[in-house]
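Participant: Single-letter residue listing:
Protein chains: 4
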Amino acid sequence: MKNTDFFDIKSLLTEEHKLFIDSLSDFVDIEILPVIEEHFLEGTYPSELTLKLAELGIFGITIPQEYGGAGADYLMYGLAMQELERGDSAIRSFASVQSSLVMYPIYKYGSENQKNKWLPKLASAESIGCFGLTEPDFGSNPAGMLTNAVKTRSGYLLNGAKMWITNGTLADIAIVWAKLDGIVHGFLVEKGTPGFSAPEMKGKHSLRASVTSELIFQDCEIPEENILNISGLKGPLSCLTQARYGIAWGAVGAAIAVYESAVEYSKTRIQFGKPIGAFQLVQEKLAYMLTEISKAQLINFRLAQLMDGGNATPQHVSFAKRNNVRMALDCARIAREIHGANGILSEYPVMRHAANLESVLTYEGTHDIHTLILGQHITGIAAYE
Amino acid sequence: MKNTDFFDIKSLLTEEHKLFIDSLSDFVDIEILPVIEEHFLEGTYPSELTLKLAELGIFGITIPQEYGGAGADYLMYGLAMQELERGDSAIRSFASVQSSLVMYPIYKYGSENQKNKWLPKLASAESIGCFGLTEPDFGSNPAGMLTNAVKTRSGYLLNGAKMWITNGTLADIAIVWAKLDGIVHGFLVEKGTPGFSAPEMKGKHSLRASVTSELIFQDCEIPEENILNISGLKGPLSCLTQARYGIAWGAVGAAIAVYESAVEYSKTRIQFGKPIGAFQLVQEKLAYMLTEISKAQLINFRLAQLMDGGNATPQHVSFAKRNNVRMALDCARIAREIHGANGILSEYPVMRHAANLESVLTYEGTHDIHTLILGQHITGIAAYE
Amino acid sequence: MKNTDFFDIKSLLTEEHKLFIDSLSDFVDIEILPVIEEHFLEGTYPSELTLKLAELGIFGITIPQEYGGAGADYLMYGLAMQELERGDSAIRSFASVQSSLVMYPIYKYGSENQKNKWLPKLASAESIGCFGLTEPDFGSNPAGMLTNAVKTRSGYLLNGAKMWITNGTLADIAIVWAKLDGIVHGFLVEKGTPGFSAPEMKGKHSLRASVTSELIFQDCEIPEENILNISGLKGPLSCLTQARYGIAWGAVGAAIAVYESAVEYSKTRIQFGKPIGAFQLVQEKLAYMLTEISKAQLINFRLAQLMDGGNATPQHVSFAKRNNVRMALDCARIAREIHGANGILSEYPVMRHAANLESVLTYEGTHDIHTLILGQHITGIAAYE
Amino acid sequence: MKNTDFFDIKSLLTEEHKLFIDSLSDFVDIEILPVIEEHFLEGTYPSELTLKLAELGIFGITIPQEYGGAGADYLMYGLAMQELERGDSAIRSFASVQSSLVMYPIYKYGSENQKNKWLPKLASAESIGCFGLTEPDFGSNPAGMLTNAVKTRSGYLLNGAKMWITNGTLADIAIVWAKLDGIVHGFLVEKGTPGFSAPEMKGKHSLRASVTSELIFQDCEIPEENILNISGLKGPLSCLTQARYGIAWGAVGAAIAVYESAVEYSKTRIQFGKPIGAFQLVQEKLAYMLTEISKAQLINFRLAQLMDGGNATPQHVSFAKRNNVRMALDCARIAREIHGANGILSEYPVMRHAANLESVLTYEGTHDIHTLILGQHITGIAAYE
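Protein chains in written order, with our numbering: chain A, 86 to 470; chain B, 86 to 470; chain C, 86 to 470; chain D, 86 to 470.
Treat the hints as calculated values from the structure; they're not laboratory data.
Heads up, a few of these hints could be off.
Note that identical chains are pooled: a pair holds if it fits in a single copy or bridges any two copies.
Stated by the list, open to error - In the DSS-like style, the derived pairs of lysine-lysine whose C-alpha atoms are separated by at most 27 angstroms in a straight line are: (1) K319 to K359; (2) K87 to K236; (3) K319 to K87; (4) K264 to K319; (5) K359 to K264; (6) K264 to K193.
The task is simple: from the sequences and hints, build the whole structure.
Facilitator: This is the structure we're talking about:
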C-alpha cells in the first residue's frame, strides 16, 4: 500500500497482495482519477473502464479460477475494493454488484449450467449483471417485497418493480428476488426478456458516475432453468453480506482519498504566512481523520481474517459497514472544510466523495438498520419495528 | 411565517413584517422552488428571477427610499433572507451581494454622485453589482491582499486578481478593494473598463445556481471619482458584517426547508408497517433539528433587535453566522439521511441545500475564523496566526 | 446580571428583576460558594442556608403574597433558579421542590384550608416539603405506579414506596401521588404519620449536597381532608412542568459557573510561555461554551415570556429542559478538561457541577423522554413504548 | 478473556496469555470490585491489594525474571492493565507507576547496582516507587521544569517541587527528574532523605482510591550513585511511552466495565412494559459503545504486535492513549445515562469510572497534546506553542 497506513498493515500482507494492490493503485491513479470528476459532473458512467477492470481480475475476485474468477482470498478482495473506491464509489459499486451480488449468488446458488454459462462471461465483463432486491416501498424491510413469481407450465411469470438497481440499464443479466408462493426466490432474468425493462433513474446528486435503474416486470416469463436453488430471505441477505464486506473496505479507500488531499492541501496552502497545517484547528481535524481511518483499517484487516477463516458473522460485517461508511462520510466532510473555498471545486475529490458516500451510507442497510442489527446482537432483542 | 416557528416568533412581528414575509414566502414557493433544482443540476443562474426580486423590494431593503431602497428595518431584512434561502442559497447570495456588499458600501462610503448614480439602478436591478475582496491566496486573511492601485493623473491604475466573486461575470459594477500606498481602499469598477475581465469559474459542486467569477485587473484605469470615501480594512469588514447578518438569517431558511421536507417524509414514508416518523431513531433526528433551528431563530430575532437598536457588534454577527450556518449544514445532512435513498434525488431539496451550505460555511469568514473571533472576544487574545 | 450575558439580556429586564438578581448573586457568592464544595465531598446538605433562602423570598416565588409567596413573574423565578444553580444544583433542587412541587400543587389543587395551613409555612421554610411521584420501578413511566390508596371511613389508607425523593427525610409534608380506584390522586402526608417513613438514600455520586430519600407507606392512614382536588396524571405532570421550567433556567446557572471558571483559568494558566487561552484548541472550547450558553439564555428568556403570557406549552418546557441540561453537562465536562489536572480538585467547581448535572439530566424526564416528547410534537406519533 | 470481545481477539492469544488473564480477571472480580467503591467514596487506597498484585506478577511484568520481573511480552502487559482498570483506574495507575515509571527507568537507565538493589523489591512490592516529573506550572511542557540539581562533592543537591505524583506519599523510592546544568537528569530519591517530603493532595474528585502527592525538595542531598545514566527529556519521555501504552489498554478495561454494566441493566430494567434494551435509543447507545470498545481493542492488539516487534513509535502510543481514553470516558458517560437515576449510585460502577477517567484523559499527555503530536506526525509541523 502506497497510501495512508499508520499501523503498517502492509507488513501483514503477502507479496501477492502487495503486488496486486500496487498495480491496482496505479490503475486508479492513471485510469480513474483523471476522468472521474468529469463523469460525475456529467452524470455518466466511464464505460471504457469496464474491460480494464475485468483484465485486472476484479470481477469475481474470490470466485474459483475454473469459473473465470481470480480465486483470491477475502483480504485481496477487500484491498481491491479499497483501492477502487479511492477512485470513486461508483466504480467500486460496479465491482461490488458484479462480484458480490451477481457472481456470488450464481456461484453459491446456481446450477452447474448457470455457473458455466454466466460466471466466465461476468468475470471477463462480456456480460454485466445487476441485483434486484429493493423495491420502491421496501428498502430497509425487504421481507415486505411485492414482486411476485407465479409458476407456469414452462417456468415462472414475474410481476413487480425494483428500484435503486445499480447497473440495471446496462445489465445483460439480472438476479431478481421475488416471492413464489409467499417465499422469496431468486431468478435470472436476461436482458431482452419480453415484459422486462430497466429505465435509468435521473436527477441523482450522488454516485453520478454510476447507472442506477428501475427494473420493471410485466408478465415477464422466465424459463424454468433460471431459478436459483435457494429459498427465503437468507439468499439475498447472504449476497448483501458479501457486498457489505466490500463496502466496508471501499469506504476506507474514499476516506484515504479525501484525507490525503487534505494533508497535501494543509501543507501547501498558506494563510497568515504559514501552511494552514500549522494551525491547531487544522491539526485537530487531520488527527481526527487519521485516527478514524486507521481504526477502520484495523477493523477491515481483522474482518478479512475472520472471513478467510470462516468465522465472520453477518454482525461482524454490519459492524464494519456501519462504522466505516459513516467514518468515510465524516472524513469527506471534514476534508471539504479543510480545503476552504477550493473544496467545492472539481479540482479536489472531496465533494464528489462526500456526495457519493451519502448513497453508500444508505444502501445495503442504512446506518440505522446496522445500528439495530448490533443492538439486537447485544441485547438479544429486535427493535426494528 | 407559515413555516417552522416553535417559539411563535411570528407573534413578535408587526403586521408589515408578516405581510411582506408571507408574500415573499409565496414567491419562493411559486417562483423559486419549481425551477431551482434544474438550475442547480445544470449549473445556471435563474436570471428570470432578478427583476422579480427587485420588484419585491429585496435589493437594498434597508437603504432609504430616497435612494430606491425599501427603508425597512434589519428585522425585515433578516426575515427576507430567511425566506429566500428557504428557496436556495444561491438566490439569497445574489441578494446579499447586491444589498450588503454593493449597495451598502456605496450608501455608506459613496459620494452623493455615486449614490444617486448607482443605488436606484441597483435597487431596481437595472444594474447588478459584485464585491471583490478575496484573492486566490488571501481568503481568511484579506489584509494580505496583493491587488494594487496606483494614483495616476486622472485616477487610479488597478492591477491584481480577485476570486470567488459572486455575480462577477454578471455585474455592471464591481466594488473592488485594493491597496493604495499600502492602505486598503474601495473602487467602483464598471463593466467594460479596459483591462478588466470577469471570467466565470467552472467545476463547482456548490451554489451551482449562482455565478461565481474571477475578477482580473491588468493596468485597469479607474477614474478619480470612482474611489470610495473609506480607508483601511474596516471598509470591507463593515460590509461583511452586513452580509453575514443576512447569512445568519438565510441559513435558517435553508434549515427550515430541509427540516420540513424531513418531517413530511417521516410522516408519509412507510417501513415495517408504519411511518418512519414513528421510530425513535427518526424522532431523535427530528427533535435535534427542531431544537437547533429554533435556537437559531431566537439568535436571529435577538440579533435583529440589537442591529435595529444600534447595539450589535461584529462579534454578535460572527456568533450568529457561525452557529446558524453550521446548524443548517448539520440539518441538511441529517435530513438527507432521513430521506433514505430518496434523499439523493432532485425531487427533494436536501442534497442541494447540503451542497450549497458548504460554500456558505466557508465564505464571509470560515467557521474556524469565526471561532477565533469569539475566542478573542472571550480571552482578549488573538489566535489567528 | 453580573455574569455571562453575551446578548445583553440584562437590558430586557426590569429594575426589580435586576435588583433581586444582583442581591441573589451576592448571596450565592458569599453564602453558597465558600461552603458548598465541602458539603458535596461530605455528602451533607447545608441546612443553614434554608432560612436565608426563605428570607430572600425564593420559596413560592410565583405564589401570591397573600399565601406568603413573592407574587413575582416567571421571569423572576427563572432568573432566581439560574443564580441558585450557579451555586449548586442541590440548592436549586431544594428550591424547585419546595416551590414547584410542593407549594404549586397546594396552591393549584389545594383547598383553602390546605393553602392557609401550608403555604405560609413553606414560604418561610418553617416547614419543608417533598414530592413523591417516582417509584423504584416506574421512573420514565409514572402511569405505572403501584402506590395505592384505599378509601376508608375517615380518609385513605396508603401503601407503596417512592424513591429518589429530594428532601424526603427533611420534609414536614409530602405530596404523595397514589392510585385511588386506579386513578392517580395527590395526598398530603405529614411527617410522623404512623406507617410513613423516609429513610435517606446513600452512596450517591451526584447532588451530594442534597438529601435524597425513599418514602415508605405501610398502611399509612391519611385524613380525608388531606387529598388534593385533582385526578389523573395531569396533576403531577403540571407540577413537573413548573419544576422543569426552573431546571431549564437553573442548568444555565451551572453552565455559567463552569464557563466563567474556565475563562478565568484560561487567561491565567501559563503553558509554553503563554496563557492557555491563547491556544486555538482552548479558544474553540470556550467559543463552544459561550455559544451554547447564550442560546440557552435566549430560550429561557423566550420561555419566560410565553409562561408569563400564558402561552407556554409543556412541549416548550420540555424543549428547554432537554436542551439546557445537556448543554450544561457538556459545558461542565469541557470546562473540566480546560482546567487540566487542576480540574479534578475541589478548588474549582467543575467536577461538582458535572457530577450534579448527571442527576439533573435524568430527573424530571430524562433527556431521551424529552426527545420523544418533541418527537411526538413534531410527528404526531407517540414512540415511548 | 471472559469479557467483551466482539472480534474474538481471544483466539489470537497464547494459552499463557489466556490463563494469566483469566486468573487476573477473577482477582478483579473477587478482590477489587467488592471493595473499590467504598474506597473511592472514602478517598482511600486499598493497600491490602498491593502485595496480592505483586504475587500475581503485575509489577515489572515485562522486566526480565533475573530482576524479579515476569519477563512477559507487551501483549501480556497490556492485557493485564486492561483487566486491572476494569476494576479501577487507581489500581491500574498504581501498577503503571510501579512498572513503567519506576522499574522501567531503573532497568533501562540504572546501574547494575541500582537494578539489583531496587528491581526485586519493587517487583515484590516490598518497596513502592513514584515518578516525579510534572511540576505545578509545567504540565504539558515538562521541558520548562524548574526543579534543579547542583553537583556537590559527594552527589547532588536537589531543590524544587513536583505535583500530581501518584503514590508519592507511599513511595520508598522516587524517580525525580531535575535539571543539572540545564539538562534534565533522573535521580533516585529515597524516602526519608533529609529535605524531601511528600504530602498527600486532598480534595480530589477523581482517582479517589489513589494516593496523589506533592514532592518537595529543599536542599535535598542525593548521593552520587543515585543518578540515572540518561540525559535530556528523552529519559522521562521514554518512561511515559511505556506508561501510556499501559493506559491505552487500561482505558479499554474501564470501558468494558461500564459497557457490561449497561448491557446488563438494559436487559433487566423494565420501563413501559419491556426491558429498556428494547428501545431504539438505548440500542443506539449500546451499539456505539460496543463499536468504540471493539476498535480500541484492535488498536491495542496491533500496538502490542508493534511493541513486541520493536516497531512501535511514540506516535503509535499517543494515538492509542488519545483514542482509547476519550473513548472510555465517552462510554462511561453514556453508560451512566443508560442507568438512569440508578447510574448515580455506588451500586453501579459508572460514575466512579467516569470520574476516574477525567484524570486519565489529562495525565501522561492531555488529549489535546496527543492531538498535536499526531498533527505534527501528519504535517511535519509542531503546533504546541
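Participant: Does each hint hold? Answer for all of them.
Facilitator: Now for the hints, and whether the structure bears them out:
Taking CA atoms no more than 27 angstroms apart as the test, K319 paired with K359 passes between copies only; the shortest distance there is 24 angstroms, against 57 angstroms inside one copy. Proximity of K87 to K236 under the C-alpha cut-off of 27 angstroms is found in neither arrangement, the shortest distances being 54 angstroms within a copy and 52 angstroms between copies. Taking CA atoms no more than 27 angstroms apart as the test, K319 paired with K87 passes in neither setting, with 38 angstroms inside one copy and 31 angstroms between copies. Within a single copy, K264 and K319 get their C-alpha atoms as close as 13 angstroms, which meets the 27 angstroms cut-off; across copies the closest is 50 angstroms, which misses it.
Proximity of K359 to K264 under the C-alpha cut-off of 27 angstroms is restricted to the inter-copy arrangement: shortest distance 22 angstroms between copies versus 63 angstroms within a copy. With identical chains, the CA atoms of K264 and K193 are at most 27 angstroms apart within one copy only, with a shortest distance of 20 angstroms there and 62 angstroms across copies.
Of the numbered hints listed earlier, those contradicted by the structure are 2 and 3.
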